[in-house]
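Student: Chain by chain, the residues run as shown.
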Amino acid sequence: MPVFYGTEIQSRLMLGTAQYPSPAILADAFRRSKAGIATVSVRREAGDDQAGQAFWELIKELDVALLPNTAGCHSVREAVTTAHMARELFDTKWIKLEVIGHSDTLQPDVFGLAEAARILTEDGFEVFPYCTEDLVLCDKLLNVGCEVLMPWGAPIGTGLGLNNIYGLRSLRGHFPDVPLVVDAGLGVPSQAAHAMELGYDAVLLNTAVAKAGDPAAMAEGFAKAVEAGALAYAADPMDARDMAAPSTPVLGKAFLE
Amino acid sequence: MKIVVNGAATEVQATSLEEILDELGHGGAKVATAVNEDFVPAALRDSTEILEGDRIEIVAPRQGG
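Going down the list, the sequences are from chains U and W. Per the numbering used here, residue 1 is the first one in the first sequence, and the count goes up by one each step. Per the numbering used here, residue 1 is the first one in the second sequence, and the count goes up by one each step.
Hint data in this document are derived by calculation from the structure and do not stem from the laboratory. As the structure is a computational prediction, the values presented were derived from the model and not from experiment. For every residue, glycine included, the Cβ atom is placed at its ideal position computed from N, Cα and C. Some hints could be false.
[Unchecked claim] Below, simulated DSS-like cross-link-like pairs (lysine-lysine); rule was C-alpha separation at most 27 Å, straight line:
#1 K224(U) / K34(U)
#2 K211(U) / K224(U)
#3 K93(U) / K30(W)
#4 K30(W) / K60(U)
[Unchecked claim] Okay, the calculated beta carbon distance ranges per label pair:
#5 G27(W) / L62(U): 40 to 48 Å
#6 G157(U) / E23(W): 49 to 57 Å
#7 G53(W) / G159(U): 38 to 46 Å
[Unchecked claim] With the C-beta cut set under 7 Å, the calculated list includes, among others, these residues of chain U facing chain W:
#8 T17
#9 A18
#10 R44
With these hints in hand, go ahead and build the complete structure from the sequences.
Tutor: Listed below in structure tokens is the structure:
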């Protein structure tokens, strides 16, 4: 099972808490997902509304580790300040660091990401960087102190799956001992299984479950997929080949006209 | 004095961040704060004086992906 900054998590599925039809469905999805980590965020709170307080009560009942994010931050300063507010609110050193570089694709600003990761690591945070599969960037993130990498599969919320299999496989090959998480872009469980078959340690998703017709059933589907994919990777899959090869022995076949 | 709270112009009587949170209905709530884009830890709210025109952010736990 994946180990993040010395903490072993009993699931390869990390699940977001946004966009569910209702709090009850969110809770049901988490139960069936068996996710060990929930991502959360911080947002403005009005004194006459107190929506955040109700959410806090709900999230405490899930009995999972919390991974706050800096979603929506477009600058290093904004991300760093948000991370500090999240650390105080959720009482955790973990931060899913997002520094967004483009509003259409929501792809990371890789330069700002590396700088923010350096600052936050020096401030005592344990950074989970939402990054691309760029090898040079990932090397830089490790050099500034990150101990986990979270490359995207595809842009957030698209459901397109794993857009760059070569890049993801390459990352696994170059960093065999670093926990790797495919974060974002997954739409269906088979894509999560594929990520596991590449040797990834976990997947992080939200929209694929929350926006499914039956979020709780989809959550269970993803739970089974990550288990299946991880088993397959550990079992050392056969090599693919272009030519057919009969599985049934030819020797002993009856000669019939 | 006039300050900006979560992007909205707001008139407050109190002058410390702690008192302003109380005045705005956040007393005892699980919130985190920043003043003029800098994080202010809960332990420093009482001693943080707010000036006319300052920008305060008050955030709470919320759903996220």
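Student: Hint by hint, note whether the structure agrees.
Tutor: Status of each hint after checking the structure:
This hinted pair checks out: K224(U) and K34(U) have alpha carbons roughly 10 Å apart, not beyond 27 Å. Pair hint K211(U) plus K224(U) holds up; C-alpha atoms about 19 Å apart against a cutoff of 27 Å. Between the alpha carbons of K93(U) and K30(W) the distance comes to roughly 17 Å, so the proposed pair stays at or under 27 Å and holds. About 13 Å separates the Cα atoms of K30(W) and K60(U), which keeps this hinted pair within 27 Å; it holds.
At roughly 27 Å, the beta-carbon separation of G27(W) and L62(U) lies outside the given 40 to 48 Å, and the hint is violated. At about 38 Å, the beta-carbon gap between G157(U) and E23(W) misses the expected band of 49 to 57 Å. Checked against the hint of 38 to 46 Å, the pair G53(W) and G159(U) passes, with Cβ atoms roughly 45 Å apart. Interface restraint check for T17(U): the shortest CB-CB distance to chain W comes to about 5 Å, inside 7 Å, so the restraint holds.
Of the supplied interface hints, the one on A18(U) holds, with its beta-carbon coming within about 4 Å of a beta-carbon of chain W, less than 7 Å. The criterion of a C-beta within 7 Å of any C-beta in chain W is met by R44(U), whose closest approach is roughly 4 Å, and the hint holds.
Violated hints for the displayed structure, listed by number in ascending order: 5, 6.
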